Amino acid sequence: MTTFERHDVQGFVVSGYGKMHQARYLLLEIRDPGAARQWIGDLAERVTTSERPEVRRCVNVAVTSDGCVALGLSRRELGTFSPPFQEGMASEHRRRILGDVDASAPSHWEWGGSAAASTAAPAGRVHVLLLLFATDEATMEEVEAEESAHLHAGGALDVVVRLVPEPLPGRVSVGKFGVEHFGFADGMSQPVIRGSGQEADLAGDDARRTVIETGEFVLGYPNGYGELTPWPKLTLPGGAGDGFGRNGTYLVVRQLAQDVSRFWTFLRDSSPAAGDGDGATDQEQMERLGAKLVGRWPSGAPLVRAHHRDDPDLGTDNSFGYASVDPYGQRCPFGAHIRRSNPRDALASDGDADTDKALELANLHRIMRRGRVYGPGLDDPLGGDDGRDRGLLFLCINANIERQFEFVQHTWCNNPKFAGLYDEQDPLLATPPAGGGHFSVQDVPVRQRIRGMPSFVTVRGGGYFFLPGIRALRTLAALDR
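Throughout, this note's numbering is defined as the position within the sequence shown, counted from one, plus 33.
Calculated directly from the structure, the hints in this document are not laboratory data.
Just so it is clear, the structure is predicted and the values come from calculations on it, not from any experiment.
Every residue gets a Cβ at the ideal spot worked out from N, C-alpha and C, and that includes glycine.
Do not rely on the hints blindly, as some may be mistaken.
Claimed, not checked - Once the Cα atoms are required to be at most 25 Å apart in a straight line, the calculated SDA-like pairs of lysine to any residue come out as:
no.: 1; residue 1: Lys-390; residue 2: Asp-239
no.: 2; residue 1: Lys-450; residue 2: Pro-360
no.: 3; residue 1: Lys-209; residue 2: Phe-353
no.: 4; residue 1: Lys-52; residue 2: Arg-39
no.: 5; residue 1: Lys-52; residue 2: Asp-99
no.: 6; residue 1: Lys-52; residue 2: Gly-203
Stated by the list, open to error - Derived CB-CB ranges, DEER-like:
no.: 7; residue 1: Val-197; residue 2: Gly-259; range: 53 to 61 Å
no.: 8; residue 1: Arg-64; residue 2: Gln-316; range: 47 to 55 Å
no.: 9; residue 1: Lys-390; residue 2: Gly-271; range: 39 to 47 Å
The whole structure should be built from the sequences, with the hints applied where relevant.
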């Protein structure tokens, strides 16, 4: 078994820094390649690793394909990185895979978009992502001021976009998980990296569902197929650059604006009136329909465990599958967001063997999410939109962008025929066709078909980044090109 080299892996891979309530994401443009390489070399000594404990501040860094070229990598060397990283999220091919069309098309993005975007920060100007975290606002101001001085020294880099997530804990559910702007607890279903030390308390079914091979998230280790995912290499004397990509990984970043008022207005207009059915109030009816779309109640309780009403006692429950308890989607609809984004064992045929295989296959497409919300909450969503920007800064870690993040988006979330459905997509993330999208609520004797669903989420920016290991950062700093 290969030892997980935590000292060489950036800390953001194994931790979302939940104790760091403040965060800043700085998108940087390289102005002077030589000075930028020197900055990276100095930064490598300050970067938080996976073996350092969280204290008061954390710093991590990632680069884009354009950033690699700006730092001096040759086109041949860039060709050793994964194709999605080379092409970029805003490329025509990638945007079609991701379903970034209409208002979510890269030509409309605020940063990271195509050259046609009316923005000061198209993809070609986004070279580096500097991730800053701190326990409190005063420490955050101190960290940001120090790091800003470092990156500007010698004209090395400029800040082109400054993203500011809302401070944690913000709104929390059951005292642990954050609540996103639509009002639902988020972040329960996270994989655990084998060898990270976080798997020690997991056993049996929980371990089978949750513990994922190291190589699914960190390059240089066996993945779920028992193989090594190809990693980037540099052309250096004596083959010194062959291990450049080891202990690195790929980071996906997407800024997702949420239309909270539209979401809750749709729930109100599409829910049964109070008194219809079991006498639930209007608010309960809206939350019930919202739970069908999400797959969990506002507290985080999964529908497969709490079918009829929210149960905060189950808010942290992540120990469930679908095949045995809900094979026909009558508890959690087939098209619900969490059932699409992580089907668990739901795509099994019959029998325990098929269930085990389905879970094994689903686990080949897991991602490690690191998102935080941005923008103020909307206290009265049914009272209309207040015109302020809010949403989710979605970040995720994966060693294979195509097989993990893009597969989830394209084959599960955006697939109109997922799990035997017809003409439906993820009710939260997908851009619906003209006339609105559809969503089916499976039931007996007949399903409920919801039509005319508008778009609730719009992509405002995004990019694919490489998160190097510490040795790789030092290698970049030492390049003389």
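Here is how each hint holds up against the structure:
no. : hint                           : result
1   : Lys-390 to Asp-239             : 16 Å, holds
2   : Lys-450 to Pro-360             : 17 Å, holds
3   : Lys-209 to Phe-353             : 19 Å, holds
4   : Lys-52 to Arg-39               : 20 Å, holds
5   : Lys-52 to Asp-99               : 33 Å, violated
6   : Lys-52 to Gly-203              : 12 Å, holds
7   : Val-197 to Gly-259: 53 to 61 Å : 42 Å, violated
8   : Arg-64 to Gln-316: 47 to 55 Å  : 53 Å, holds
9   : Lys-390 to Gly-271: 39 to 47 Å : 45 Å, holds
Checked against the numbered hints listed earlier, the structure breaks hints 5 and 7; every other hint is satisfied.
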